[in-house]
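Assembling the complex is the task here: the two chains are given apart, and the hints tell you how they should meet.
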Amino acid sequence: METVAFGRTGLKVSKLCFGTMTLGSSEWKPWALDERDARPILKRALDLGITFFDMADWYSAGIGETIVASALTSMVPRDRLVLTTKAYYAMSDDPNDQGLSRKHLLSSIDSSLSRMGTDYVDIFMVHAFDPDTPIEETMEALHDIVRSGKARYLGASTMFAWQFAQMNHVARENGWTPFVNMQCQYSLLYREMEREMLPYCRDQGIAVTCFSPLARGWLAGSQDRRSQTDSMFANNYGDALDREICAKVRTIATERGTTMAEVALAWVCSRESICCPIMGAGSASQVETNIKALGLELTPAEIEALDRLYRPRDVINDYVPDPMPRHLGGVLTAVEE
Amino acid sequence: METISFGRTGLKVSQLCFGTMTIGSSEWKPWVLDEADARPLLERCLDLGITFFDMANWYSIGESERIVTKALTTMVPRDRLVLATKALYAMSDDPNDRGLSRKHLLSSVDASLRRMGTDYIDLFVIHAYDPGTPIEETMEALHDIIRSGKVRYLGASTMFAWQFEQMNHVARKNGWTSFVNMQCQYSLLYREEEREMLPYCRDQGIAVTGFSPLARGWLSGSKKCRSQTDAFFAEFYGDALDREICARVETIATERDATMAEVALAWVYAKEAICCPIIGASSVSQLETNVKALDLELTPAEIQTLDELYRPRDVINDHVPNPMPRLLESSDGTG
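In order, the protein sequences belong to chains W and P. Here the numbering used here is used: position 163 in the first sequence is 163, and no number is missing along the way. So the numbering used here is basically just the index in the second sequence, starting at one, shifted up by 1000.
If we strip away everything but chain P, and leave its shape as in the complex, we get (with noise of 0.2 Å):
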C-alpha cells in the first residue's frame, strides 16, 4: 500500500485509514465486534500496509481504544503506527465528562493515553463542534496539549465550515497550533461537503479524512446487521436518487466484474480533495474487499457517470436535528 502526505504536514500516512468504530463490545452497539474477533482483522490491516487507525474515546465508552491499541502494540512498535483518537461526545453522565471545555480536552486525553498504553497520540480529534465553550479556550487546551507531548498532530470532525474556519483563525490569531485534518463524511450518496468544507480544506491545505464511503452499506448493496439494527441513517438514505446512483454502481460493478463496494470505493479513492478514505470492516474478507479496491480505476466516462446525478441533500451533523430524504411525503406525487 502506498504511503501519503497527511495535507501539509511532514506526517506520512498509509493510503488507507482504518477506523475502528466496529472494534471494541458487543455490549455497546450489536454490531461491534469483541477483542478475539477484532485481534485477526487489526492483524490482517497491518499485513496489507494499513498504519493509520482512527479511534474515538466514544466507541464503546472506551473499549475500542484499549483493544485495538493494545493489539496493534504488540504486533509492531508504537512508532511504526499513526494513532488517532477523539473527544466530545459524554463519557459518562457528568456534565464536564463531554465537550471540549478546558477542563474535559485535558483529562480526556489523559484517559485516553491510559486505556491506549501508550504515552502519545498522533491526531487527536474534537469529535464535533460544541457551541458551549468559547472557541478560545478550546485552541488554548489544545495547544496546552500538544505542547505537552502528548499528541503530534490536531484533527476535526462533523462541523460546519465556518465554525472550522473560526477555529482555525483563533488558534493563529494566538499563536496556537491549528488544526491539520477535517474527517468528514463523504460517499457517493452523501457529497454536501463539496460545498463548503473541501473547498476550504484545499485552500488551507488540510487533509481531509472521508468516513462513511459506503453510506451504511447502502452502497455495497447490502444493507447488513448495523444498519438494520442502527436508527441513525436508516430513515435517512434511501430515497429514488440514493436508489438510483446504487444502481449506477451496480451496473458499474457488472461491468467491471467487482463488487458494487468496490465501485463505490474506487470512486471516493479517486477524489482529489479526499486525503484518506477511512474503512471499516466487520471481517477480514471485507476489509480485504476494501483494499482490493485501490487497484480499481475507474475510468473517467465511469466517475462521470457515477458523479453526475447527485442532487443537495440535508447536511448530517449535531447541529441538524432530524436530516429527511431529499423528497418530502406531503410533495409525493406531485413531481
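If we strip away everything but chain W, and leave its shape as in the complex, we get (with noise of 0.2 Å):
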C-alpha cells in the first residue's frame, strides 16, 4: 500500500487510515466486535500494509483502545505504527470526565496510554468542540501533553471552520502547537466540508482524513446491521437524491464489474483535498474490499457523473441537534426502503 505524507507534517502514514470505532465490546453497541472477532481483522489490515489506526477513548468506552492497540502491538513493533486517540466525549457521569477542560485532558492522555500499554500516541485529537472550555485553556493542554512526549502531533475532527480557525490561532499566537490534522465525515451522500473546511486545510496544508465514507453503508448498496440499529443517522440519509446518486454508484460499478462500496470509495480516494480516507470493517473481507477500492481509478467522466448530482444538507455535528433530509419537491421526503 502506498504511503503518503501526512499534510505539512514529516510523518508518513498508509494512504488508507483504519477506523476502529466497530472493535471493543459488543455490551457497547450492538454492531461492535468482541475481541476475538476483532483480531484477525486488524491482523488483515496489517498483512495489507495499513499502519495507520484511528482511535477514540470513547469508542467501546476504553475497551477499543485496549483491545486494538494490544492486538497490533503484539503483531509489529510499537514504532511502526501510527495510532491516533480521542479525548471529548463523556467517559463517566463526572462532569470532569468529558470536555477539553485542561484537568480532562491531562486525565485523558494518561489513561488512554495506560490502556493502549504505549507510552506514547502519535495524534491526539479532540473529538469535537467544547463550547464551554476556553480555546486558550485547550490548546495549551495539548502543548503541554505535546512537549511532554505523549502526544506527538494534534489533530482535531467535527466542528465548524471558523471554531477550528480559532484553535489553530490561539495556539500559534501563543508559540502552541496547532493541529496538523482535521477528521471530519465526507462521502458522495455528505460533501458540506467543501464549503469551508476542506479550502481552510487546504490553504493551511492540514491533513483532512474522513469517516464515513460508505455514509453508513447507504453507498455500499446495504443499509447494514449497524445502520438498523443506530439512530444516530437514521433521519438523515436516504432522501430522494441521495438514493439518486447511490443510483449512479450501481451503474458505474455494474460497468466496471464492482461493487458499489468499490466505486463510492474510489471517489473518495480521487478527492485531492482528502489525504487518508477512514474505513472500517466487519470482517477481514470487508478489509481486502476496501483496499481493493485503492486500485480503481474512475475515469473523469464518471467521476463527474457521481460529482454533479449533490446538493447542500444539513451539517452533522453535535451543534446542529437534529439535522433532516433535504427537501426536494413539494412535501418532504420520507425515507423509505
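Honestly, the hints are just simulated from the structure, not real lab data. Note that the coordinates shown come from a computational prediction; the quantities given were computed from them, not determined experimentally. Where is the CB? At the ideal position from N, CA and C, for every residue including glycine. There are no misleading hints in this set.
DEER-style ranges, computed between Cβ atoms:
{"#": "1", "chain 1": "P", "residue 1": "Pro1321", "chain 2": "W", "residue 2": "Arg102", "range": "42 to 52 Å"}
{"#": "2", "chain 1": "W", "residue 1": "Arg256", "chain 2": "P", "residue 2": "Glu1308", "range": "37 to 47 Å"}
{"#": "3", "chain 1": "W", "residue 1": "Lys103", "chain 2": "P", "residue 2": "Arg1243", "range": "47 to 57 Å"}
{"#": "4", "chain 1": "P", "residue 1": "Ile1303", "chain 2": "W", "residue 2": "Val320", "range": "15 to 25 Å"}
{"#": "5", "chain 1": "P", "residue 1": "Asn1174", "chain 2": "W", "residue 2": "Pro321", "range": "34 to 44 Å"}
{"#": "6", "chain 1": "W", "residue 1": "Thr251", "chain 2": "P", "residue 2": "Glu1288", "range": "53 to 63 Å"}
{"#": "7", "chain 1": "W", "residue 1": "Glu2", "chain 2": "P", "residue 2": "Glu1272", "range": "47 to 57 Å"}
{"#": "8", "chain 1": "W", "residue 1": "Arg250", "chain 2": "P", "residue 2": "Asp1295", "range": "50 to 60 Å"}
{"#": "9", "chain 1": "P", "residue 1": "Glu1272", "chain 2": "W", "residue 2": "Lys103", "range": "29 to 39 Å"}
Which bits of chain W does chain P cover? Going by a derived footprint, with three or more residues having C-beta under 8 Å, they are:
{"#": "10", "segment": "158-168"}
{"#": "11", "segment": "194-208"}
{"#": "12", "segment": "307-318"}
One side only, chain W facing chain P, incomplete, derived with CB under 10 Å:
{"#": "13", "residue": "Arg172"}
{"#": "14", "residue": "Glu173"}
{"#": "15", "residue": "Leu241"}
{"#": "16", "residue": "Met324"}
{"#": "17", "residue": "Pro325"}
{"#": "18", "residue": "Arg326"}
{"#": "19", "residue": "His327"}
Dropping the structure here:
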C-alpha cells in the first residue's frame, strides 16, 4: 500500500486509515465486535499494509483502545504503527470526565496510554469543539501534552471551520502546537465540508482524514446491521437525491464489474483534498474490499457523473441537534426503503 | 428611529442602513435611479431618521458615491452621517484597478473620497475576498488607510468565514486594525450565513449588516424591474421551497394586515445576529414600507412558522461560480 505524507508534517502514513469504532465490546453497541473477532481483522489490515489506526477513548468506553492497541503491538513493533486516539465525549457521569478542560485532557491522555499499553500516541485529537472551555485552556493543555512526549501531533474532529481556525490561531499566537489534522465526515452523500473546512485545510496544509466514506452503508447498497440499530443517522440519509446518487454508483459499479462500495471509496480516494479515508470493517473480507478500491481509478467522466448530483444538506455535528433530509419537492421526502 | 451600537465599537448607527446600489446612473443598470430621482429618496431617509448609508465605488462605477454623498451633505452636516464605501470590483480594464492589492486600495480610497467630496469614510469595506493578493498586504494597506485618518473603521463583505477569520487574525498578529463589520446576504430565502459566519461574528462581537433582505423582490411578492433585467439571481431563487416560504409570508401578511415586504423585513429585524439590515428602495413609498416594518413585531409563533421551512442551499459568492436551486432537474420527479 502507498505511503503518503501527512499534510505539511514529516509524518508518513498508509493511504488508508483503519477506523476502529467497530472494535471493542458488543455490550457498548450491538454492532461492535469483541476481541476474538477483532484480532483477525486487524491482522488482515496489517498484512495488507495499513499502519495507520484511528481510535478514541469513547469507542466501547475505553475497551476499543485496549483491544486494538494490544492486538497490534503484539503483531508489529509499536514504532511501525501510527496510532491516534481522541478525547472529549463523556467517559463517566463525572462532569470533569469529559470535554476539553485542562483537567480532563491531562487525565484522558494518561488513561488512554495506560489502556493502550504504550507510552505515546502519534496523533492526539479533540473529538469535537467544547463551547464551555476557553480555547486558550485547551490549546495550552494540548501543547503541554505534546511537550511531555505523550503525543507526537495534534488533530481535531467535527466542528465548524471558524472554530477550528480560531483554535489554530490561539495556538500560533501563543507559540503552542497547532493541529496538523482534521478528521471529518465525507462521502458522496455528505459533502458539506467542501464549503469551508476543506478549503481552509488546503490553505493551511492540514491533513484531512475522513470517516463514513460509505455513509453508514447507504453507498454500499445496503443498510447494514449498524444502520438498522443506530438511530444516529437514520433520519439524515436516504432522501430522493441520496437514492439517485446511490443509483449512479450502482450503474458505474455494474459497468466496471465491481461493487458499489469500491466505486464510492474510489471516489473519495480521488479527492485531492482528502489525505486519508478512514475505513472501518466488520470482517477481514471487508478490509480487502476497501483496499481493492484503491486500485480502482475512476475516469474523469465517471467522477463528473458522481459529482454533479449533490446538493447542500444540513451539517452533521454536535451543534446541529436535529439534521433533516433535504427538501426536494412540494412535500418533505420520507425515508423509505 | 432607534440608534444602536455597531458591534463592540463605540460607533452608533441608525437601526436601518440605506443601501445605495439603486442610485447612480441608469446607464450602468436599467433599474438604477438618476440624480434627480435619488434626491427625494435620500431626503426621506434622513427625515425618517436613517443616518447610515452604504455605498461602493463599483455602484454605477463611481456615480453612486458622487450623487449620494453630494445630496446627503447638502442636507445635513457630514459628521451627522455614517458613510460606508467599498473596494474590490474592477473600476476599469486596468488589472491594478481592482482587487485588494496595496496599490489599488490606497488609490481606491483616495478616488472614493474625491468623488464623495469628503475627507473621511466612516466604514471602508472590502467588497469580497481577493485570492490573488496576500492577506498581509491587504491588511497592512487597510491599516495604513486607517492611520492616515481617511477611514474610521474597517468592514468586509461576501466571503467564507474561514477567509474572514484569517484576515482578522493576520491583522491582530501584526498589531493592525481588524474588521468590525461583516456585510452579507441574509433573508428568509438565504440563510447560509447562519452556519459559520453569524456564529463567528457573534463570538467576536463583529457587527453584521445584511443585504437583500427581500431576496431581490421574491419576498415582497413581486419580481420588479430589477429581477426581470438582472440575470444574476433569476435562476437562483424561486424553487418549490422558496415559493412555500413566500406563501407563508403572504399568509402572515394577510393576517396582520401588512405587506409581504413588511413581514419579511420584520423577520430579519427580529434576528439578533443581524445588527443592521441594509434596505434599498426605488421609491419613497418603498422606503416608507421598509421603515414601517420596524413597527411590526412578529410573535414567536409567527417567527417559528417562517423559520422552520428553510433548508440548505448553495452559497452565493464570487467563489461559487454557478449557484443553483436546491433541486436539480435530473432529480425532478424522483422525490
